[in-house]
Each structure stands twice: as structure tokens, then as C-alpha cells.
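Undergrad: In case you want the letters, here they are:
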Amino acid sequence: MRYILLIYTQQAPNSAEEMESVKQAHWEVIEETTRKGILLGCEPLAPTQTATTVRVQDGTVLTTDGPFAETKEQLAGYYILDCKDLDEALGYAARIPSACGGKPGCIEVRALPGLPRREAVSEQAEQKSEAVLAQ
Amino acid sequence: MPDVQAIAESVFRQESGKIIAGLIRLSGSFDLAEEAMQEAFASAIVSWAQKGVPDNPAAWITSVAQRKIVDQIRREQTRRGNEDALIYETEHLKTHHDPEIEDEAMHLPDDRLRLIFTCCHPAINQEAQVALTLRTLGGLTTPEIAHAFLVPEATLAQRLVRAKRKIQDARIPYQVPPAEVLPERLASVQAVLYLIFNEGYTAASGEQLIRRDLCAEAVRLTRVLCELMPNEPENVGLLALMLVQDSRRNARISSKGELITLEEQDRSLWDQSEIQEGVRLVEQALRRRQSGPYQLQAAIAAIHAQAKTPAETDWQEIAALYQELYRLSPTAIVALNHAVAVAMNQGFEPGLRLLDELGASGRLDDYYLFHAARADLLRRLRRAGEARSAYERALKLATNQVEQQYLRRRLSELSV
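Taken in order, these protein sequences are the chains called F and S.
According to the numbering used here, the first sequence is numbered sequentially starting from 1.
According to the numbering used here, the second sequence is numbered sequentially starting from 136.
One chain only, chain S, in its complex shape (with noise of 0.2 Å):
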């Protein structure tokens, strides 16, 4: 007798998300879909403990879910006896008037991208955007994500209220954006990906577990985009940074909660099996010439998760890296990152001028990485004094409990 329950949940986990966007398309509706996709693993549970577990149950679950939808749209009809009043539900019923011979389309791979396009649209805010994805994609309930986010659990469930409602109301559609707009649309798509990302990864102590679940699942979904959108090499680019950032995460934090610089982790603990992947996705991607900024921060990062000792690191590489990085996005703290990356490769010094030709712009003043890595190329010049203020400074301004450690540790070692 095998257990139903363990078999359900596995096809939740990994077709939910298949699922729910062909539902979606079907019924016009988030909460319909949602709703239908629950009912029918309910159902399923019951069923297959009695009659047995069919051969695809992800298609058994679908099935039922069309069902149980349209006749949910057919009694809405019945009650309400009024022809007008819904105009866009039927529209829908029309064009999907008979569920089985919907049975192909449903696994298109189409759904699943309008899915994620709409979840990302600008027209919704960004916190919202994640949400939805993260519900609805990555099949995770709303306490899981409130918990994940540290939001209550009743302000993440109104926050996805309000962006289904706004989906509904303002017509958002259910579509792959037409080309002109791709590039934006796509942009907002791997920015969300990419926060869901990060937020797993800046894990604070004690919630570590979850959080590393958030970036298991935003590395899933960018499977998922990469698959859908083969020919952008940008989504490429994100699943190969995501990639070799998470080959680290047993080496970033000590047993003890602190965060260990790149420099003095322990290379053993990097998962190669995450490297391989992302160094051959990230060369692979760079091969078509269209780069951009995702492929551009894999590939520095690919380059730290080569070398075998922090001292066999091209950092000539990196600093041009960085440099084509600049070009594409000048930022502040791209530019931070080029001018340590010509310290490590020319010099402490030429180093330390090029940061302080930056920071005498001010616009770095309030950046607590910006006096971290004034500190640290100060302490490596053994220029004592002039470490311990700016590590004094990046302290003020540090408001993660796990930098903040790093930084009193490295003052303290200053006094030694």
C-alpha cells in the first residue's frame, strides 16, 4: 500500500506549479484555479487510497480541477440567472467549453510563462509580485512565505489579496509580453527571482532553515524560466550566479553565526557540483555575445569559485569583469567592487586611491561596504589608525547582526 499522502504532496511540490497556471487560464481566475487545484488533492487522496494511484497523476489532478471548475462556473450561472452579469466568465466557458479535449494545451509550457509574467507585472508592487510567485509558482503556503519574509501572516495574505484583485480589476492580462516590452517585463521577472534568491542567502541566524529553502525554490524557478525562455541569455546568466553563490552556503556562516569572507573560507566545503554547473552555464551563455549584467556577476563569480586558494584568484579577470560591469550598470557599488578587485590585482595602494576617488564623490558615504573595504585595505597596509576608523564607521552603518560580528571582530584584531 504505498502512502498516498507522500505521493500527493510530491506531485504538489513538483507540478503545482504546471497545474495552477493551465487552471488559471482556463477559469479567468486566481482564486477559482486555486481553490479547484485544492479541492481536487483532496479529492485525489481519497480516491487513490481506495482505487489506487493512477499512471499520471498530475494529469488525474488536472482533470478533476477542470471539472470541478467549470461546474463551479456553471452553477454561478444557474444561481445568478442573469445573462450580462458574467460576461467575462463565460467568455472564458466558450472558448474552453469542453475540459477533456483541453487535456494537451493544459501542459504547454506556455502557461507556466504567462503565469510568471503576470505574477511580475510592474502594474503590481514588487513585494506583491514576489508573493505571488512564490504562492502560486512555487506552491508555497502563505504562512510559509509570511514566515520566510518575517511579515505577519495576515499582512502577506492581504498583500496577495490585493494583487489578485488588481489582476482581476485592472485586467491585467494573462499573456507572454509582445516583444517591445519584453525586455522590461523580463528584467522584472529575474529581479524578483533574484530577491527571492537573496533573501535565502542574507540568512540571519535561526532562520536559517527556511531560508535556505527560498533559495532552493528560486533556483527551481529559474530553471523553469530558463527552460520556457531557452534563448535568453540572461536568465542563464541569473541560474548560473544563483548557482555558484549557493555552492558557498555552508562556508559563508562559522558554527557560530559569523560571517566568513571569501578569503577565509574553507574550499572544501563549496559544493563543486553547483560550480561545474554554473561555470559551464555561465561559459555557455557568454558564447551567444549578448552579455549582461547577470552573466557578467556569474562569471566573477565562477572565476572566485575556481581557484583553489584565495591566492590563485584572477583578479586581473575580475577587475575587467567588473570594468564591463560598469559599463552596462555604473553604479556606486560596481564600482566599489572594480576597485578592489585593482587592489588585489595591482596593489593595496593603487587600490586604496581609486576608493578614495570614488568616496570623494560622497555618494558612498552612508555604504557600509565602502568603509569595509577602505578598513581592509588600510589593515593590509598595516595602516592601523586609519583601519580602525573606517571599521568604526562601516559598524555604525552595518544593520545585519551577522556583518556587524564580522566588523567588531575585525577591530578587535586590530588592537591584538
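Bound-form chain F, shown alone (with noise of 0.2 Å):
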């Protein structure tokens, strides 16, 4: 089952002595879950300071500055690790460090369920491709 691991951390002024162990316990983890082979990707967020949301209501496009939600925490980065069991899971987002924007969060952990079936993709998508294809 592939897990995203969500990153939550408060924005605040960080030393070079933290930061320093905070990227060290990140390329921890990363080094062991890419030895294991099931590290499927992983990447900080830039700050919320350069977010945008865009949100399309009754058919009008509204463009917002900043993120959808001022909370005290913020995402901040993700892993995709592909384990065996929610616990191996929670085992890593345990050694995850959230401190990377300053003071320490949390991390949410979510299963991946995929992409739903073919089925589900609507008659009209599945018509077009059988077009195309047909060509």
C-alpha cells in the first residue's frame, strides 16, 4: 500500500544548527526507504508566502494570494513510501523531522488508494478514446 506523508510545520525563524539536524534526520530516512526500495518520491514545498489558490465558483475563475487555509500549521513537504502496513508507516513519519519551517508540527499519514478503475472513467471520456483509437 503506498502512503503519503504529509509534512505540518509552523513557520518561524530556524537557527543554522537546527536546520542542519533537520535536513540530517530527512536524508536519514531517505537513504534507508531508497535502500529498501520503496521511497516513490519526496520534496519540500516552498513557503506559503508563495502559495496561490485558485478556486472556480458558478463558472468565475477567483485567484486568491496565499494558501486556501491560514492555519498555524502549514504543509510544508511529502514522502510516498510504499510499505506493507499502516504501523511501517507510522514508523517512518515518526523519524520524520517537522521542524523544517522553524518549530515542529506533525505529520498526517494517508493511504493511496489509486486511481479509481477504468469503469468508473465517464462512457463519454471512454467513447472519445475508442474514437481516437479507431483512427
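The hints are simulated quantities; they were obtained by calculation from the structure and are not laboratory data.
Pairs of lysine to any residue residues, derived as SDA-like cross-links and limited to a Cα-Cα distance of at most 20 Å, are as follows:
#1 S:K301 with F:V109
#2 F:K84 with S:D304
#3 F:K84 with S:P257
#4 S:K301 with F:G91
#5 F:K36 with S:P313
#6 F:K84 with S:A314
#7 F:K84 with S:P313
#8 S:K299 with F:R110
#9 S:K301 with F:R2
#10 S:K301 with F:L115
#11 S:K299 with F:A111
Keep in mind the model is a prediction, meaning the values are calculated, not measured.
Take the two lone chains and join them into the complex the hints point to.
TA: Structural data, given as C-alpha cells:
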């Protein structure tokens, strides 16, 4: 089962030392999960100051500055890991630092069930793809 | 002609936890296992009435249910005719190909232990942990659990559905957790069992019957936990604590439904066999020298239980145990109990001083037992005016009817 581990952090000033230990802890997890072949992706996000939120309301596009919600803890990065079960994913979650933004936050672990199967794709889209294939 | 229905019911009561634990491992699904077990019990009543009750009814039920699960999975496979759709299920089927050879493994106690840890997994919220534990390991029906916890049946059913879906969707493992997380997970299991016990123990009138069943169920499940993990003294401590508390069940509520304090209880109503077992267990646990909160609470309860009269209570030992307990779990409530023990041992004045020091922090201001304990000491010191206002404050904060009645009685006694 694939799991996404979402890193939430509190944005605050960081000392160079703290940053170093955060990086170190990340590298340890990255190296181990790479060696085991279960790391499917992992990346930091740029800070929320760079966020832009797009919302379509009644056909009108509404673009606003900032993240979708101003909360104390903000999404700062993610890992996608292929684990045998939730406990394995929770084990890694406990080792991933959440203080990259300055103050520690938390890691949210969610299973990735995968895209719905073909049947769920709308009939129209299917006809279209068949038409394309027929050409 | 034996009463087949009654035999089946007794097998269900005693063995259903064991049976379902094995079936869940085989099928990888709580729902499939539950369904198969129910069907197997239904077939049993018909078959046993015709052909007689087998020598080992539980094994009969188990193998019939196993066959139903295998059939069910095969049917699903053919119906879908789709190879990759059932990867998860077929993984299970492959490793457990032949139910007959499973027979022996089905009776390893491990399955029930796996089941306890899965039901009490911290990824499931505690209300659902409780419901799932009672439903699967306890074999209680959804209406029974709903009734005992005073929630609508639909709410309880929903809670169970969500928890089972989370186990499946987030793939919560069906295993005894590895050593590095075992203390946290075991604490979660113990908390669920103690919560079930307490729900039954703080009985409000009217609900008494079904709630006593909860106490009995909690004791039974804790016995299973002790049997499965005999080297964990806190499990034994928890069992001892439940037994000693349960021994007082007939003495703590009057015929009018009023709460009777330990001091005023008729000690001849205490269940001596439960006390003896509890005392023996707590002594056995403490000898391992890995003390913990449940063992210490059980030791305190055991001292009360062994005193023939309130005056013979060894308050000095109780105060020492509370001090030790405070070291492990430094909560205001433990400090409060320590102060009361000191009051009973060294005198009401020093006890009251300790209480007032505690009160100065403000942490206990909204806790009814703090004001009730203060009121009690003031009453014994014959400071009626102060006692009255403390009782009144406690009465405002108490939520349980039985407790309110008790405080009202104390208040009325003050005015005599």
C-alpha cells in the first residue's frame, strides 16, 4: 500500500544548527527508504508566501494570494512510501522531522488508494478514446 | 435431546472471540469473518439438532466458517473474472489455501492477541476501539453495546462501520506490534479495557443490569490479555484492580440507589473470593519489580479491601503508594488522593493543609472531588460553615445523579 506522509510545520525563524539537524534526519529516512526501494517520491514545498489559490465559483475563476486556509501549521513537504501496512508508515512518520519551518508540527499519514478503475471513467471519455484508437 | 440452541449460545459466549480472531486472519476482513461465523452458528443449530452435537463444537464452527470464507472468496473471483481486482484477497487465499491444514494454527492464542491490538490501534478513535473490542472479542451485539453506552444503535453501528473501513482502507495491520511500539500500544489496550470496566462500574440506577455485564466482560477480556501476555505485570495489575473494585459492587450503592462511601460500606457484602484473587495477583505482579500505575492502584485498593473495619486501614502504606503513583503519573487527582491519605494517617489538619496547597494552583477548581474531599475534612474538623460552602461548590460541579444525592445528604446532615 502506498502512503503519503504530509509534513505540517509552524513557520518560524530557524537557527542554522536546527536546520542542519532537520536535514540530517531527512537524509537518514531518504537513504533508508531508497535502499529498501520503497521511496516513491519526496520533496519540500516552497513557503506559503509563494502560494496562490484558485477557486472556480459558478464558472468564474477566483484567484487569491496565499494558501487555502491560514492555519497555525502549514503543509511544507511530503513523502510517498510503499509500505506493507500502516504501522510501517507510522514508523517512518515518527522519524521524519516536522520542524523544517522553524517549529515542530506533525506528520499526517494517508493511504493512497490509486485512481479509480477504468469503469469509473465517464462513458463519454471512453467513447472519445475509442474513437481516437479507431483512427 | 440436548438443548442445541443453549449449547450453541454457550459456545458462542466462550469461544466466539477465539473463532473470529482466526477467521479474520484467514479472510483479511472483519466483515467476511463475522458473516461466516454467524452463518456457521446458524448451520450448527440445524445440523446439531439432526446429527447430534460434535465432540468439539468450537472446532466444528471454525471449520464450517473457514469453508464458507474460502467459498465466498472463490465465488467473488469467478463473478468478477478479473485477475487483478482481487489482489489483496487472493494474497490471503494463496497463503491459506487449504482450511483443513489451518486447523491447528487457528487455535494459537496469537490470533486473539492480534485482534486485541488491531481493535485498539491508535489510528482508530477510542470510542470505536471500545465498540470494536466488545463486538469482536466480546461477541456482544450492536444493540447491546449501544444500550450499555447509552448511544443510539445507528450511531454505534456507524462507528463500527467506519472503524472497519479504516482498518481495510488504511491497512491497519493484523499483528502484535513490534517491541519498539509495544508499550504505547499495550497502554492503549489496557486503557480500552479499563474504560469498559469503568463504564460498567459507575452505574447509574436503571442501567445496572447491563452495566454489570460490562464489568464482567472487561474482567474476562483482561484475563485473556493476562493469559496471552503473562510477562506484563501491568496486565496483571489491571486485572487485580478490576477484581478488587468489583468485589465492592454490592456494597457501594444502597437499595435506594445512593452512593455509599468506602468508609460507610457494609464490608460483609464485599466479595471475598474476588478480593483474595485480586490480592494474590497484585502481590504476584509487584514481585516482578516493574511497578506501574495499574499495579499501584490495585495495591491501594487491596489495602482497603483487606481492612476489616475502616479504622484498621493502613493509611500510612496507602499514602506511600500514592506518593509512588504520583512519581509515575503526576496528576492533580493523584495528588488529591495522596492528601486524603495523609489526612487519615497524620491528622485532618495536615491533610487539609496539603489540600489547600494543591488548591492554590487552581488546577482543581473545577473538579468536584477536590471540593468534596475538602468538605469532608472540614466536616470532620467540625468547621461546619466552611464545610457547607465546600459541599455546595462540589454539588454544583458533580454531574452524576448518584454523586449529587450523596453530596445533598451530607449537606442535610450538616444542618442537624
